[in-house]
Amino acid sequence: MPKRKKSSKTDAAQKGWAKRLLRLKVNGEIKEVATETSKTLLEVLREDLNLTGTKHGCELGECGTCTVLINGDAVLSCLVLGVESEDAEIVTVEGLMRDSQPHPLQRAFADLGATQCGYCIPGILLTAKVLLDKNPHPTRDEVREALSGNLCRCTGYTKILEAVELAARGEEGQ
Amino acid sequence: MRKKAFSVIGKPLRKVDAMAKCTGDTRYADDIELPRMLYAKLLRSPYPHARIRSIHTERAAQLEGVSAVITGKDLPEKFGIMPSTQDEEALAVEKVRYVGDPVAAVAASSEALAEQALTLIDVDYEILKPVLSIEEALASKEESERIHSWNRRANIQKAVSFEFGDVVVGFARADEIFEDTFFFQGNTHLPMEQYCAMAQYGPQDKLTLWSSTQTPHYLHRALSKVLGLPMSRIRVIATPVGGGFGGKSDPFSHEICVAKLAMITGRPVKITLTREESFYVHRGRHPVKMWVKTGVKKDGTLQAMHFRSFLDGGGYSSYGLATVYYTGALQTVTYKLPAYKFEGVRLFTNKPPCGPKRGHGTPQPRFALEVQLDKIAEKLGIDPIDLRLKQLVDPNSITVNGLRISTTGLRECIEKVAARADWKKKFHQLPYGRGIGFAASSYISGAGLPIYRNEMPHSGVQIRLDRGGGITVFCGSIDIGQGSDSILAYAVAEEFGIDPADIRVVTADTDLTPVDLGSYSSRVTVMTGNAAIQACGKLKEILLPVAGEALELPVDDLEMAEGQLRSRSYPKRAISFAECVEKAEGKFGTLGATGSYSPPKHPANFKGSGVGPTPSYSYTTSIVELSCDPETADIKLHKIWIAHDCGRAFNPLLVEGQVEGSVYMALGEVLMEEQVFRKSGLHKYPSILEYKSPTTLETPPIETILVETDDPEGPFGAKEAGQGPLLPVIPAVANALYDAIGVRIDEIPITPDKILRALEGRLKSVSVPWFDFPPPIKWQPGDGVGVQQKS
Ligand code: FES
Ligand code: FES
Numbered sequence: 765m766p767k768r769k770k771s772s773k774t775d776a777a778q779k780g781w782a783k784r785l786l787r788l789k790v791n792g793e794i795k796e797v798a799t800e801t802s803k804t805l806l807e808v809l810r811e812d813l814n815l816t817g818t819k820h821g822c823e824l825g826e827c828g829t830c831t832v833l834i835n836g837d838a839v840l841s842c843l844v845l846g847v848e849s850e851d852a853e854i855v856t857v858e859g860l861m862r863d864s865q866p867h868p869l870q871r872a873f874a875d876l877g878a879t880q881c882g883y884c885i886p887g888i889l890l891t892a893k894v895l896l897d898k899n900p901h902p903t904r905d906e907v908r909e910a911l912s913g914n915l916c917r918c919t920g921y922t923k924i925l926e927a928v929e930l931a932a933r934g935e936e937g938q
Numbered sequence: 102m103r104k105k106a107f108s109v110i111g112k113p114l115r116k117v118d119a120m121a122k123c124t125g126d127t128r129y130a131d132d133i134e135l136p137r138m139l140y141a142k143l144l145r146s147p148y149p150h151a152r153i154r155s156i157h158t159e160r161a162a163q164l165e166g167v168s169a170v171i172t173g174k175d176l177p178e179k180f181g182i183m184p185s186t187q188d189e190e191a192l193a194v195e196k197v198r199y200v201g202d203p204v205a206a207v208a209a210s211s212e213a214l215a216e217q218a219l220t221l222i223d224v225d226y227e228i229l230k231p232v233l234s235i236e237e238a239l240a241s242k243e244e245s246e247r248i249h250s251w252n253r254r255a256n257i258q259k260a261v262s263f264e265f266g267d268v269v270v271g272f273a274r275a276d277e278i279f280e281d282t283f284f285f286q287g288n289t290h291l292p293m294e295q296y297c298a299m300a301q302y303g304p305q306d307k308l309t310l311w312s313s314t315q316t317p318h319y320l321h322r323a324l325s326k327v328l329g330l331p332m333s334r335i336r337v338i339a340t341p342v343g344g345g346f347g348g349k350s351d352p353f354s355h356e357i358c359v360a361k362l363a364m365i366t367g368r369p370v371k372i373t374l375t376r377e378e379s380f381y382v383h384r385g386r387h388p389v390k391m392w393v394k395t396g397v398k399k400d401g402t403l404q405a406m407h408f409r410s411f412l413d414g415g416g417y418s419s420y421g422l423a424t425v426y427y428t429g430a431l432q433t434v435t436y437k438l439p440a441y442k443f444e445g446v447r448l449f450t451n452k453p454p455c456g457p458k459r460g461h462g463t464p465q466p467r468f469a470l471e472v473q474l475d476k477i478a479e480k481l482g483i484d485p486i487d488l489r490l491k492q493l494v495d496p497n498s499i500t501v502n503g504l505r506i507s508t509t510g511l512r513e514c515i516e517k518v519a520a521r522a523d524w525k526k527k528f529h530q531l532p533y534g535r536g537i538g539f540a541a542s543s544y545i546s547g548a549g550l551p552i553y554r555n556e557m558p559h560s561g562v563q564i565r566l567d568r569g570g571g572i573t574v575f576c577g578s579i580d581i582g583q584g585s586d587s588i589l590a591y592a593v594a595e596e597f598g599i600d601p602a603d604i605r606v607v608t609a610d611t612d613l614t615p616v617d618l619g620s621y622s623s624r625v626t627v628m629t630g631n632a633a634i635q636a637c638g639k640l641k642e643i644l645l646p647v648a649g650e651a652l653e654l655p656v657d658d659l660e661m662a663e664g665q666l667r668s669r670s671y672p673k674r675a676i677s678f679a680e681c682v683e684k685a686e687g688k689f690g691t692l693g694a695t696g697s698y699s700p701p702k703h704p705a706n707f708k709g710s711g712v713g714p715t716p717s718y719s720y721t722t723s724i725v726e727l728s729c730d731p732e733t734a735d736i737k738l739h740k741i742w743i744a745h746d747c748g749r750a751f752n753p754l755l756v757e758g759q760v761e762g763s764v765y766m767a768l769g770e771v772l773m774e775e776q777v778f779r780k781s782g783l784h785k786y787p788s789i790l791e792y793k794s795p796t797t798l799e800t801p802p803i804e805t806i807l808v809e810t811d812d813p814e815g816p817f818g819a820k821e822a823g824q825g826p827l828l829p830v831i832p833a834v835a836n837a838l839y840d841a842i843g844v845r846i847d848e849i850p851i852t853p854d855k856i857l858r859a860l861e862g863r864l865k866s867v868s869v870p871w872f873d874f875p876p877p878i879k880w881q882p883g884d885g886v887g888v889q890q891k892s
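One line per chain: the protein sequences are A and B, in this order. Number 772 in the working numbering belongs to position 8 of the first sequence; there are no gaps in the numbering. Number 600 in the working numbering belongs to position 499 of the second sequence; there are no gaps in the numbering.
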């Protein structure tokens with residue numbers, strides 16, 4: 765394997781980068797956590813807040829599995845630092861349920877068999893939520909376009925696209 | 102009599118874990134944290150082929166926060182998935198054989214520290230000439246080019262040769278003989294979840310290993326061998342696998358290293374490989390060069406085939422012994438073939454080891470076979486579908502190489518897919534630039550033999566009945582997303598006439614669950630399903646008489662349905678399942694039963710006949726419609742139709758999901774995915790961005806048609822669905838491209854550069870090397886093709 769450039773993490777360990785008290789608003793709750801300023805939001809969520817529903821498939825911004833919502837936008841949490849996310853509204857997959865009721869997207873994904881291994885699903889659900897929040901009745905092509913940054917190696921996407929459409933239709937009826 | 106009306110089977114139910122996967126509750130390996138946990142990292146070779154002169158770990162060990170550093174000396178015992186080719190070391194002892202081969206492992210208090218410690222390990226390598234291609238491996242003469250020393254001829258891992266029926270006579274009978282060469286480039290699984298394992302060594306001198314693995318049982322055995330611990334002291338827990346596709350089926354270095362590090366430090370140790378490392382760990386599709394000679398009558402019927410395959414195996418054996426056989430085993434189970442010769446050889450090269458990927462060794466020959474049939478049909482002026490319809494294998498027959506076919510839905514698959522795609526109207530009739538192509542295939546529903554020779558069942562299920570009617574099903578199977586946990590719940594729910602939601606499923610934990618061999622070879626539904634049905638049968642023998650006594654009814658009149666045991670004739674006379682369980686427990690004590698399953702014995706008994714047999718073969722057909730712009734060679738897929746004989750759909754949603762996922766994976770392989778290496782042995786595309794795979798935008802609409810044949814060997818008639826549907830899609834794309842623009846690309850992946858070269862007449866045909874194969878093992882198949890079995 766090629767000699768790696770020392771990653772920022774190694775530098776951090778060497779230089780003993782300072783910890784800082786972060787104040788994050790995640791899934792509607794204020795969380796305070798003392799952590800390295802070099803940590804990505806993904807790392808802060810998973811390692812410091814134990815919100816392991818957010819996944820990682822590359823930590824380079826290439827796969828979409830780490831998607832979370834920041835102020836209503838889908839963001840790759842591996843490309844954002846924890847310190848950059850203060851004062852923002854962060855939503856992870858754990859925050860999709862409302863009053864212990866599944867979100868219509870979660871119901872639709874479960875009902876249509878859109879989850880196989882499930883590893884890509886948290887990121888896809890959040891990306892789809894942004895789409896439906898902005899465009900409640902997307903066409904199939906709009907759904908494709910919106911989800912094109914979220915890789916899924918299991919499903920062939922067909923049932924995922926159908927599930928997003930089912931959720932969109934379901935909301936209409938409410 | 103087999104029950105035909107089902108209450109659970111065939112229904113589009115939710116998977117038992119569907120909601121947990123939508124809420125983030127599913128705990129994958131890397132989601133587990135333990136108190137006092139350490140983090141491990143592996144130091145990997147930067148050279149494809151080198152001798153290790155020395156390794157100095159002192160500086161790393163002295164770094165504050167580092168708890169342990171190990172090298173090959175600490176884990177000298179060799180291992181490997183196949184008992185006869187144990188050529189892997191957890192950490193290389195004398196030699197490294199590919200870029201990425203692990204040489205040392207560190208456990209430290211953080212990942213960053215472990216990574217820093219790696220930079221303080223000094224390895225002195227003597228660089229050797231790397232062997233990087235099939236041709237170079239075949240030409241290896243010098244001792245320094247030899248990658249392993251255990252095999253007889255330098256860099257030849259395994260060469261096999263068979264002759265079934267009389268090939269000379271077959272070719273003599275033929276009116277036309279076709280000879281073609283093909284190349285299928287390697288590609289990798291790319292599961293979204295990277296490899297991850299964690300180990301804990303407890304105060305009772307017991308080891309627990311959590312891992313994202315498809316084969317916890319084989320891992321259990323390998324750990325015991327390498328660590329020198331009895332299996333009774335080791336517990337392997339396979340965590341829900343975030344995508345496998347065959348890539349998590351070997352015992353791996355990182356799993357063994359965290360176990361050893363946990364034993365040394367007495368603390369839990371976790372390792373998560375990076376995406377780049379996952380590309381180097383690989384074990385994916387073998388690059389295969391193929392030469393096919395086929396003799397046919399003027400009417401297109403096959404008379405004889407001679408098939409040669411050359412597999413580029415990478416640095417270690419892995420599953421390669423099975424793979425080389427698989428490149429020759431299943432040519433015979435789709436169309437009648439009276440005479441067949443197969444020669445195959447797997448080579449060692451200084452690249453990441455190849456192994457099983459969805460379809461294990463059969464997508465490559467299937468591509469060659471189905472493209473050649475398309476060429477034959479064209480030359481003879483026969484519609485390619487009609488050509489195949491003339492010569493489908495018969496149900497209840499034995500093939501020329503001794504494989505037993507039970508049911509086949511191939512004809513129905515062909516007819517349905519052709520009708521839906523409007524084949525007759527489109528084939529040869531679409532405007533230049535647009536085309537349609539067809540291919541068919543078949544696959545095993547589970548390997549007939551286990552990986553290590555033994556007489557024990559392939560799958561075991563244990564069922565415990567609780568007071569209150571609760572049911573817990575224990576099985577060693579591991580859910581890799583295909584839904585194997587749900588399959589257990591559905592089978593038991595169907596047998597007991599209860600709601601699957603009332604069943605708890607406990608799987609993939611070697612301390613708790615009976616052995617199941619693992620999620621490979623498309624075996625899980627057939628084998629765990631049958632084992633579960635057997636366990637239910639034993640419990641029914643207890644429950645039905647108890648209910649009969651309570652209801653004062655003969656057992657013959659009883660059925661289990663809607664959570665009750667009740668009279669068939671007067672359904673109102675009923676006792677609830679829960680009440681019956683309590684009465685039975687009162688009478689007999691604690692209630693539980695086990696069931697097991699082993700595949701039927703196969704008819705052939707020559708050396709090498711163990712690869713290919715299966716309880717039943719699945720069949721698939723696919724039609725692809727696409728456009729190709731002759732200026733840019735850009736391909737646009739319009740639609741894929743696919744029909745799959747799944748025996749019976751346990752749950753149509755899950756079967757469709759397997760079919761759609763297979764189509765998707767096939768499209769990635771045929772159009773873009775490549776695992777290729779530079780002269781330095783480095784991967785050309787070791788990231789998700791560079792290793793192109795289809796997104797939502799490249800995946801076309803897929804129309805799935807399920808065909809049910811009610812196979813007698815399958816649980817409720819089911820066959821496999823997870824791998825077979827990948828096979829026909831790849832050649833169907835190649836055939837559609839030919840229909841569109843009139844060029845044949847006999848090399849996978851079919852990329853724009855190759856298409857443009859072909860359009861300009863500059864694409865060379867695939868060169869296949871010469872090799873002196875061993876004399877064939879000859880085997881005569883009884884009466885030949887289509888032997889009718891007594892039913
Ligand atoms: S982990 Fe892959 S995009 Fe963030
Ligand atoms: S469900 Fe496995 S990656 Fe999408």
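Simulated from the structure, these hints should not be mistaken for laboratory data. Treat the numbers as computed from the prediction; the structure is a model and nothing was measured. Careful, some of the hints might be misleading.
[Unchecked claim] Estimated spans, in silico, between C-beta atoms of each pair:
{"#": "1", "chain 1": "B", "residue 1": "Pro532", "chain 2": "A", "residue 2": "Ser912", "range": "38 to 48 Å"}
{"#": "2", "chain 1": "B", "residue 1": "Ser788", "chain 2": "A", "residue 2": "Arg862", "range": "33 to 43 Å"}
{"#": "3", "chain 1": "B", "residue 1": "Asp811", "chain 2": "A", "residue 2": "Glu848", "range": "16 to 26 Å"}
{"#": "4", "chain 1": "B", "residue 1": "Arg565", "chain 2": "A", "residue 2": "Asn814", "range": "29 to 39 Å"}
{"#": "5", "chain 1": "B", "residue 1": "Glu732", "chain 2": "A", "residue 2": "Ser912", "range": "41 to 51 Å"}
{"#": "6", "chain 1": "B", "residue 1": "Gly571", "chain 2": "A", "residue 2": "Gln865", "range": "22 to 32 Å"}
{"#": "7", "chain 1": "B", "residue 1": "Ile133", "chain 2": "A", "residue 2": "Glu796", "range": "18 to 28 Å"}
[What the hints assert, rightly or not] Away from chain A, derived, C-beta distances all over 10 Å, residues of chain B:
{"#": "8", "residue": "Ala273"}
{"#": "9", "residue": "Thr375"}
{"#": "10", "residue": "Ala478"}
{"#": "11", "residue": "Arg565"}
{"#": "12", "residue": "Gly638"}
{"#": "13", "residue": "Leu798"}
{"#": "14", "residue": "Pro877"}
Beta carbons are placed, not taken as given, at the ideal position from N, Cα and C, and that holds for glycine.
Consistency of the hints with the structure:
1. Pro532(B) <-> Ser912(A): 38 to 48 Å: violated, 29 Å
2. Ser788(B) <-> Arg862(A): 33 to 43 Å: holds, 37 Å
3. Asp811(B) <-> Glu848(A): 16 to 26 Å: violated, 59 Å
4. Arg565(B) <-> Asn814(A): 29 to 39 Å: Because 32 Å falls inside the window, the suggested range holds.
5. Glu732(B) <-> Ser912(A): 41 to 51 Å: violated, 25 Å
6. Gly571(B) <-> Gln865(A): 22 to 32 Å: Since the Cβ atoms of Gly571(B) and Gln865(A) sit about 26 Å apart, the hinted range of 22 to 32 Å holds.
7. Ile133(B) <-> Glu796(A): 18 to 28 Å: holds, 25 Å
8. Ala273: The claim holds: Ala273(B) sits with its nearest Cβ about 46 Å from chain A, beyond 10 Å.
9. Thr375: violated, 8 Å
10. Ala478: holds, 29 Å
11. Arg565: holds, 27 Å
12. Gly638: holds, 29 Å
13. Leu798: Label violated. Min Cβ-Cβ 5 Å, cutoff 10 Å.
14. Pro877: holds, 39 Å
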